[in-house]
Amino acid sequence: MPGWSRSFFDPSLVVALEAGRTFEEWLGGRIPAVDYARISADQSTRSAVLAKGRAPGTGIRHQHEENTETAAEFGVAIVKFYEDNGLTAAQPALVRPAFMEMVDALHCRRTTEGFPVLALVATEHERVWRLASDFTRVRQAVTVTDEGLFIERRSVFDLGSLRHAEATVTSEGEVRRAKERIERHVRRRAIDGGTPGGRRRFGWLPPDPRSGRKINMRRDPEEWPVLREMIDSALCGTSWNAIARRLNTRGVPTASGNRWSGATVRQALVNPVMCGYRAIHGELVRDPATGAPVVGQWDAPATVEEWKALVRLSRERGSKRGTRLTNGGPPAGVEPRSLRKYLFSGYLRCGASRADGLVCGSKMGGCARPTATNPANAVYVCAALDCGGTARSVRDVDRHLQEVVLALLDEQRGVAEEREPEWAGTPLLQSLINRRASLGPEQRTELEARISGLEAAREKHSHSRRDAAACWDASRWPVMSLEERRTAVGTVLRTVTVLPLPPARSRRAPFDPTLLRITAAT
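Quick note: the sequence shown uses our numbering, first residue 41, plus one each step.
Since the hints were derived computationally from the structure, they do not count as laboratory data.
There could be a bad hint or two in this list.
Claimed, not checked - Pairwise CB distance ranges, derived in the manner of DEER restraints: (1) GLU488 to LEU324: 54 to 62 Å; (2) LEU541 to ASN281: 23 to 31 Å; (3) PRO261 to THR559: 48 to 56 Å; (4) ARG435 to GLY297: 30 to 38 Å; (5) GLU323 to THR278: 23 to 31 Å; (6) ALA303 to CYS276: 18 to 26 Å; (7) ALA544 to LEU67: 43 to 51 Å; (8) GLY397 to ASP198: 37 to 45 Å; (9) GLY397 to GLU356: 45 to 53 Å; (10) CYS276 to SER515: 52 to 60 Å.
Said to hold, decoys possible - Derived lysine to any residue pairs resembling SDA-like cross-links, with alpha carbons at most 20 Å apart: (11) LYS254 to TRP338; (12) LYS254 to TRP264; (13) LYS381 to LEU533; (14) LYS254 to GLN337; (15) LYS381 to CYS407; (16) LYS381 to ARG525; (17) LYS348 to VAL334; (18) LYS348 to LEU275; (19) LYS254 to VAL334; (20) LYS381 to ALA408; (21) LYS348 to SER273; (22) LYS381 to SER521; (23) LYS348 to GLU323; (24) LYS348 to ASP272; (25) LYS381 to HIS440; (26) LYS254 to GLY234; (27) LYS254 to ASN311; (28) LYS348 to HIS321; (29) LYS381 to GLU524; (30) LYS348 to GLN307; (31) LYS381 to ASP438; (32) LYS381 to THR527; (33) LYS381 to GLN337.
A virtual CB, placed ideally from N, CA and C, is assigned to each residue, including glycine.
Could you build all of it, start to finish, from the sequences and the hints given here?
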């Protein structure tokens, strides 16, 4: 599942405000702060097997809990929580939405809702930054006033010490070199014929630490005959969907415990591991001396000729490459590219309830679902492995939300023409300017740097809003590229929660726009 971000207020603050208490009464003399939590890979979302034993977001939740305990020890009250789940801090091209929102709030010394914040609490600084550019942002935000505070590892972090700070920063070159080392290690293991890691594949046994058996190395005696039957059926001309229907009718689950689909059948059968081969970044792993494809040490259910026949069959049925020759990421030094094909992918959130009663909240992405009457049919579906309870037609959702977006863009342009967009840091900037007037020339140096940082942040905020509005012209929408449209959508929409259909309503019922809950961008 792709990474996701969110922010929310402390539940006790929400309860206090709803009960009629003021923010100051709730604060009770404590230091107002923000909490930040991040995890690079949520293990519970990587496979359905892990999801059964660990709820999504567990790592993030544990960080929030520890940060809350730490805050209490220091007399700090966490006003707002920010989290980036499944997002690395070591990739320069990757944007962490919650991190950026948190830094802006801390720099302005108040949230977008107007609540004051002076401190930042995190389990460790590596959760907040890994790169020098991100450290600079955090340092500037925390030290914009003398009251700023950063607490990590249950102690106050000295952001003013350059030696201390430099020791905590990971350079972009170090990140690239680490990726290259990992890639070299993966390739050498592949040349040695070692089994690919990752999830367990259908047909192979899971790892057994006691016997030393590795994952995807030895055949599963129950699934192996079924896998061989799938290969034979495909070679005889049976469609991917027909094979999937047979498996589902017999109650045979995938390796992740889910139902089969035509796509999962095709992906399983055209994988080079079927014949003992392995691919990295789209290329078969070859012996450096002979140039021949390396044959792995794991049990293979198909011959090389059978696998090539399956790949040809996949191409004949419309697949661009016939097989997915990839291990999931770009080569070291190559920035990842978003391959969004649908306008609102990533903006939609699943509104279905999980077994524990909580709202899923996972991102929804678009995927093709061709039918006999509509080959171009596509749907937005929940991306969570343990949910998948919400889906909507791409055509219906896009048609409705495009109207909403166009209306919001027109409204935004009108507001931008009437007045300057509000900025949360205005009161702080004015107070520093007033303070500057009372200081001598020698005392102004550090204060000038803080003022300059705030002025730069104000200009960036103002220009981004004005430019987005000034450049907007509704007549351009039909000729805009998908990337341009998605950029425009991001200026006015934050998320759209898609509620599941009521129990008594048929899936063939007309599209109901009231089941889309829109949260506009602030």
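Right, here's what the structure says about each hint:
1. GLU488 to LEU324: 54 to 62 Å: Roughly 60 Å apart at Cβ, these two residues keep to the hinted range, so it holds.
2. LEU541 to ASN281: 23 to 31 Å: Between LEU541 and ASN281, where Cβ atoms are some 24 Å apart, the hint holds.
3. PRO261 to THR559: 48 to 56 Å: Cβ of PRO261 to Cβ of THR559: about 51 Å, so the range 48 to 56 Å holds.
4. ARG435 to GLY297: 30 to 38 Å: holds, 31 Å
5. GLU323 to THR278: 23 to 31 Å: holds, 30 Å
6. ALA303 to CYS276: 18 to 26 Å: holds, 20 Å
7. ALA544 to LEU67: 43 to 51 Å: holds, 47 Å
8. GLY397 to ASP198: 37 to 45 Å: holds, 43 Å
9. GLY397 to GLU356: 45 to 53 Å: For GLY397 and GLU356 the Cβ distance comes to about 48 Å; the hint holds.
10. CYS276 to SER515: 52 to 60 Å: holds, 55 Å
11. LYS254 to TRP338: Given pair LYS254, TRP338 holds - Cα atoms ~9 Å apart, limit 20 Å.
12. LYS254 to TRP264: Roughly 17 Å between the alpha carbons, so the hint for LYS254 and TRP264 holds.
13. LYS381 to LEU533: Holds: LYS381 and LEU533 sit about 18 Å apart, inside 20 Å.
14. LYS254 to GLN337: holds, 11 Å
15. LYS381 to CYS407: Given that 20 Å is the threshold and the Cα spacing comes to 9 Å, the pair holds.
16. LYS381 to ARG525: holds, 12 Å
17. LYS348 to VAL334: With a Cα-Cα distance of about 15 Å, the restraint between LYS348 and VAL334 holds, given a limit of 20 Å.
18. LYS348 to LEU275: holds, 11 Å
19. LYS254 to VAL334: holds, 19 Å
20. LYS381 to ALA408: holds, 10 Å
21. LYS348 to SER273: holds, 15 Å
22. LYS381 to SER521: holds, 11 Å
23. LYS348 to GLU323: Between LYS348 and GLU323 the Cα gap is close to 15 Å, so the pair holds against 20 Å.
24. LYS348 to ASP272: At roughly 13 Å apart (the allowed maximum being 20 Å), ASP272 and LYS348 satisfy the hint.
25. LYS381 to HIS440: Between LYS381 and HIS440 the Cα gap is close to 18 Å, so the pair holds against 20 Å.
26. LYS254 to GLY234: OK: LYS254 and GLY234 at ~9 Å, within 20 Å.
27. LYS254 to ASN311: Given pair LYS254, ASN311 holds - Cα atoms ~19 Å apart, limit 20 Å.
28. LYS348 to HIS321: holds, 19 Å
29. LYS381 to GLU524: Holds, because 13 Å separates the two Cα atoms, which is no more than 20 Å.
30. LYS348 to GLN307: The hint holds at about 14 Å.
31. LYS381 to ASP438: holds, 12 Å
32. LYS381 to THR527: Distance of about 14 Å is within 20 Å: holds.
33. LYS381 to GLN337: Not satisfied, since the Cα-Cα distance of roughly 38 Å exceeds 20 Å.
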